[in-house]
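S.K.: If you want the building blocks of each chain, they are given just below.
There are 4 protein chains.
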Amino acid sequence: MTKNKKKIINDPVYGFINIPANIIYDVISHPYFQRLRRIKQLGLSDYVYPGATHTRFEHVVGATHLMHSALDVLKFKKIKISKDERYGAMLAILMHDLGHGPYSHTLEGFFAQGISHEDISLLFMEKINEDLDGRISVGIEIFKNKYERHFLHSLVSGQLDMDRLDYLRRDSFFSGVSEGVIGSDRIIKMLNVKDNELVVEEKGIYSVEKFLIARRIMYWQVYLHKTVVAAELMLLKILERAREIIQNREIFTTPALHYFLKNKITRIHFTDSEIALKQFAILDDSDILASLKQWSSDEDKVLSMLCKRLLDRDLFKLEIQMQPFDETMISDITKKTAEHFHLSEHDVRYFVFSDKISNKAYTTDRASGINILLKNGELRDIAQASDISNITTLSETVKKYVLIYPKEIESQRIRS
Amino acid sequence: MTKNKKKIINDPVYGFINIPANIIYDVISHPYFQRLRRIKQLGLSDYVYPGATHTRFEHVVGATHLMHSALDVLKFKKIKISKDERYGAMLAILMHDLGHGPYSHTLEGFFAQGISHEDISLLFMEKINEDLDGRISVGIEIFKNKYERHFLHSLVSGQLDMDRLDYLRRDSFFSGVSEGVIGSDRIIKMLNVKDNELVVEEKGIYSVEKFLIARRIMYWQVYLHKTVVAAELMLLKILERAREIIQNREIFTTPALHYFLKNKITRIHFTDSEIALKQFAILDDSDILASLKQWSSDEDKVLSMLCKRLLDRDLFKLEIQMQPFDETMISDITKKTAEHFHLSEHDVRYFVFSDKISNKAYTTDRASGINILLKNGELRDIAQASDISNITTLSETVKKYVLIYPKEIESQRIRS
Amino acid sequence: MTKNKKKIINDPVYGFINIPANIIYDVISHPYFQRLRRIKQLGLSDYVYPGATHTRFEHVVGATHLMHSALDVLKFKKIKISKDERYGAMLAILMHDLGHGPYSHTLEGFFAQGISHEDISLLFMEKINEDLDGRISVGIEIFKNKYERHFLHSLVSGQLDMDRLDYLRRDSFFSGVSEGVIGSDRIIKMLNVKDNELVVEEKGIYSVEKFLIARRIMYWQVYLHKTVVAAELMLLKILERAREIIQNREIFTTPALHYFLKNKITRIHFTDSEIALKQFAILDDSDILASLKQWSSDEDKVLSMLCKRLLDRDLFKLEIQMQPFDETMISDITKKTAEHFHLSEHDVRYFVFSDKISNKAYTTDRASGINILLKNGELRDIAQASDISNITTLSETVKKYVLIYPKEIESQRIRS
Amino acid sequence: MTKNKKKIINDPVYGFINIPANIIYDVISHPYFQRLRRIKQLGLSDYVYPGATHTRFEHVVGATHLMHSALDVLKFKKIKISKDERYGAMLAILMHDLGHGPYSHTLEGFFAQGISHEDISLLFMEKINEDLDGRISVGIEIFKNKYERHFLHSLVSGQLDMDRLDYLRRDSFFSGVSEGVIGSDRIIKMLNVKDNELVVEEKGIYSVEKFLIARRIMYWQVYLHKTVVAAELMLLKILERAREIIQNREIFTTPALHYFLKNKITRIHFTDSEIALKQFAILDDSDILASLKQWSSDEDKVLSMLCKRLLDRDLFKLEIQMQPFDETMISDITKKTAEHFHLSEHDVRYFVFSDKISNKAYTTDRASGINILLKNGELRDIAQASDISNITTLSETVKKYVLIYPKEIESQRIRS
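One line per chain: the protein sequences are A, B, C and D, in this order.
The number in the numbering used here is simply the position in the first sequence, starting from 1, with 2 added.
The number in the numbering used here is simply the position in the second sequence, starting from 1, with 2 added.
The number in the numbering used here is simply the position in the third sequence, starting from 1, with 2 added.
The number in the numbering used here is simply the position in the fourth sequence, starting from 1, with 2 added.
To be clear, the hints were calculated from the coordinates, so they are not data collected in a lab.
Just so we're clear, the structure is a prediction, and the values are computed from it rather than from any experiment.
Some hints could be false.
Same chains, same names: a pair is fine if it fits in one copy or spans any two.
DSSO-like cross-link-like pairs, simulated, lysine-lysine; straight-line CA separation at most 27 angstroms [as the list claims (entries may be wrong)]:
| # | residue 1 | residue 2 |
| --- | --- | --- |
| 1 | 303 | 77 |
| 2 | 77 | 9 |
| 3 | 338 | 79 |
| 4 | 77 | 205 |
| 5 | 191 | 264 |
| 6 | 280 | 377 |
| 7 | 196 | 9 |
| 8 | 191 | 228 |
| 9 | 85 | 191 |
| 10 | 310 | 264 |
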């Protein structure tokens, strides 16, 4: 009684997506995977782009679809890829985001210390592999970059991986920021493999340039939009406050969230027992929202005000600049805020704070550049191949400083 | 210090949406309105169409944008519309969905009896009107159909209102079901007013036909898709079970949900005190999800199994037909299910049940037909004006019967 | 030295189109095929829809792409299709429009009598087959419906063939009439073969309904749009006048057009010698336009006025109704026109004339209905399977009467 | 009896385009304007991108639509613009391409020497102005940059004018090269006026960068695509050959083309008499095509071979590089070609030739850079404001060298 699991998924971005193999279907059906339906891809970005409510579930299914296309292109170009490798690469991209928690880019590091979302992804994969009798082992190898054919890993995680190609296009689509649209079809058509490395054929240079520019636009227009960052940092402060309170007094939370607030969870909790992972597997956006709503009428003024303002989108003011903010100015604003809201020196730090933001999450920890395969057969880095001299600056980490404080203080402020 | 509230909202469906007046902005900023960000437009439809995670917030902002266009078209055709009427009509459509609760089409009637979501919308509007010093009174009049210029109400609620024009297009966009796409631009261009009634000019007939067909496709392909209905009915059973349990034993719920589970809430609770409305204003999708996750490990087997299966998308089988299901067959399946899962006669009803579904929610309670304004100045109903003889059957309520039971029973079943 | 002819064509409608085999490439490269680049798909429709300048070339390449998809779907559903059949079906659709001349829907029958464009397509195919050493024979068999597997022919020419699926979508795309958009992807996904016949699976019913409605919208909104018809009938009158003049006096024409104006060409000229076919192979839109421009300053007042007005889009008035026009009215208008322009009784017939138009070109001569494959395995015609009772009226030939006369006469006219 | 000329044009790119004033309608109706329907926007680009058959007519109507939007945005930002200025700017952009002849980018300079297409546009405008009793004088002033409010001219012709915004988007749409898509909506929303100059607000920087990249992509991927350039240069050679022949022997041409082939037309013919302008007004793509087809069987071997190959898309080989081609190599190829085709030294130059191509047509002769209006009120050039250091190189003229010769010679060639 083997069920035919060749399914079709309707996707607004690509149209129909085929599930080409039972193993793909089985992973999608796994509870750890279904959980991604309950985690929005872009956290609080829908506060600025109301359409951007899409989930990590859609993203990874989309990225898997692009992987399918990319492998077809390579096959067409006579690169031999076995069935195991084919499904392995698709599984690796399908599962690469399993370890994300709610509002991940903001809250990564809050729930557990010393363990990245990639580490957690891997723990989930290993669990799923147990449940599926080791059928996804090749996928895990590729994900871990232990598989000998390195270009497969580059398709999962690299400067031009299917992750990025999907999220730029998808985030663009749902946010309505058309500048982020990239010609993922064309980039994929230009992929090739040379000496076991993923390369882009020469005539794809322009598309790669456009991709880099589009990514840059998406950082500053969507991912790191001032209002989005303000909302996300408020959320972080809320959870820090809740954690502070809960050490002394119980407040309403969902049980899974309670676990991560009450205890100081580190890598060891994930690796030495299964409890942390099990609790993490339960956690999603609804834990945060359901708790926030309750906290908005909590007796703790700091907690309740922050929650109420975040829920009602009555956000704090955010200033942004390339240099650190002047300490005198910060303490001036802090003092005014403390007075205005009758807050102690300790508590006012939840209302006024400075932070650094960067596009790091999107750019670093990915080893190499983008290799262009010239018509004469040579390889050249995009930095040399493009005649935009500093094209690679587009990939660099840009750090900016932000200062956050209640809007009420703004009008009182004397600009220095 | 009057703030300029002329804002622009990025919408993936229409591009840029202008907020043309402070009063529109003020309503959007109200907490009762912001709450709509936390309620998905299509409930559990994203179980079939993963992109369909858009919210009621986006929908009503989009519908208000269409209203803006429609009023511009009428103005171009020399229909006099005052500023108050203009903003009134926009406010009416903006607020018409305020009374929706989480998973509304399924759960309407579950939280409170004897009161519709339109009634609750009105209660919310009146509260907002108090907060805004009566500045939205004309909008409320138009919503209630008490305003003398009847065509304005028809634009809010009628056979061709801006609500429908937006949701068909938007649901189509996010689900990826291109058959639901309608030429809302063209229909709007064809609108006119004759004798105080909204009419469509003759050359718009084909577009109206296409609109009716597209709506029909969306019912059966999206809104009433088998899998979606199965998931939604499972959700309803879950909440019924939780309500049953909670009368005797406390289980984890968010406080707002607790209020509606523990108590039997009716219209009078909404109208005679403010508590019900306040609790309802807190309720959103996250209350349901956060509770479901906890219940999936509850000691009550019925509750936990239903929750686990719904969360993991391991749904019950749903059969659908035009006639009621045969009683013998139902009791046969019921018996087998009870045996298989060791359930009592009472409890098995949560696993096997029949129900009626219809497209009623989308078609009825809207007074009149669609009037076509012929070139010679006469009015004719679309039923006469179209040469598809029974075009109006497309608007009729279609009732179908569904039978739901665990998939495990399927293979045991002897088909009659 | 075998050249790799696997090419990719950029198509704005479908994105990238693969040319999967050398034989497809060879046919596309043939001069008879390249000629289709010079014939617009929609004749004078760009007078109303300026974007609709796409050519027959693009259309047939697009239809071939859909054929490719459809055959993939059938293969996925375990219908055995050999390589010869695969390419045969693709070639048949690729070449099915070879016999179209310039402004085909209007001028069909003008250049040659007793021979249809399908007949001419076949003659061209046979020539190409000679040039390609018989490699397209299977394609010709399928085109002629002589091939035993009948469903292949149905994909080329039937109620739901790839021709229609492409032209509706493409004409919609280029004209900007979004109501004509069809979900061709979904229809193709629903195709199947039962007893050697092409069928649509039950859940495709709604898409088929939408397709029929969309087709109807395209007839009346684009193909038979009043202004388009007026322009096309003026073009026909121009060529009739030119033919009349050229019997007595030489006027400027391109040589190929001259051949068809000066001589009375019938089927026998095509079949018994090669001259007619050769001349026809030269003829395209540019012959018409180049001649018209010259004629617009011809000494013959009828010819020059008609040409000048058509070129400048200063079109005659067109009235349309379901019944024949009243003879008295026509003769009244005729008389007034003759007076106003000082025209003889003979010549005025080029300025005032009545005609019939119908959607015939799009609907008839295609044998059968659309078969729906019910879930229980039975076949049913869409007419029975759809619950829109008279859905098939959408496919019927509708005849309308038009009356054309100069706008100058309009104001003088007393309406009866 | 004033006719209401408020019309709506269906455009596949923008949807509905309103004609907001009679004077716009009157210009569109003028024969000199209607002629643009018969000139393709991208010449022979449809040889590579079959969808790119759109005309100059659509382009200028689209650009006028963008002008309308841009003026609305400026009005919203409190820039006073009178009705005359409003329609003036729209008329200027509407008419700016009137002076283009067939296959303009290739053949500019062939038909007449010492006069640019802008000069001819102006001559046409002046004629139209006479016909319309001086009602478009302000538009002409703006076009000529004689109108005091300089930003209006910048909207017509500048680094970020409505011409470019439309053609990039439109050419992208019709060619299917999605990398060329630009967020014209967002750029327009960011426009402002400062000190009588058109500026872009700071937050529009990313969109401007994307615009510059997209433009660059379109040059090399579409406008200067190798195959397109090969075809266009072959066309130029054909016309040069025809001109050479026609000095001694009459060959078939349309009369308008004959005028420009037989005579050596210069600026003075356009300015001192009306004949040249009248003949030019007749000339369009059909003259070229109709003549080419006839010439393809001419007795002159050079002419007939070139024509046949161009018509059948059997194009010459084109090599491209940054440096001039080696003279020895060219003479080697020339010699081989002369032998292979039995051509004289004179005639072989039509088969083998080198040329320079550049993106000049799209970049130069536009005075100034793009000014960014910083949040602090200062102006800065995009070159400083962008942190892509050499962003302006994107606008520089890039010169490349091409070498063209028959494919037959390729295989014989020894690569150096």
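S.K.: It remains to establish, for every hint, whether it holds in the given structure.
M.R.: Now the hints, each set against the structure:
{"no.": "1", "hint": "303 <-> 77", "verdict": "neither (61 angstroms within a copy, 45 angstroms between copies)"}
{"no.": "2", "hint": "77 <-> 9", "verdict": "both (23 angstroms within a copy, 15 angstroms between copies)"}
{"no.": "3", "hint": "338 <-> 79", "verdict": "neither (66 angstroms within a copy, 34 angstroms between copies)"}
{"no.": "4", "hint": "77 <-> 205", "verdict": "within (19 angstroms within a copy, 34 angstroms between copies)"}
{"no.": "5", "hint": "191 <-> 264", "verdict": "neither (50 angstroms within a copy, 48 angstroms between copies)"}
{"no.": "6", "hint": "280 <-> 377", "verdict": "neither (52 angstroms within a copy, 42 angstroms between copies)"}
{"no.": "7", "hint": "196 <-> 9", "verdict": "between (34 angstroms within a copy, 22 angstroms between copies)"}
{"no.": "8", "hint": "191 <-> 228", "verdict": "between (36 angstroms within a copy, 19 angstroms between copies)"}
{"no.": "9", "hint": "85 <-> 191", "verdict": "both (21 angstroms within a copy, 25 angstroms between copies)"}
{"no.": "10", "hint": "310 <-> 264", "verdict": "both (22 angstroms within a copy, 26 angstroms between copies)"}
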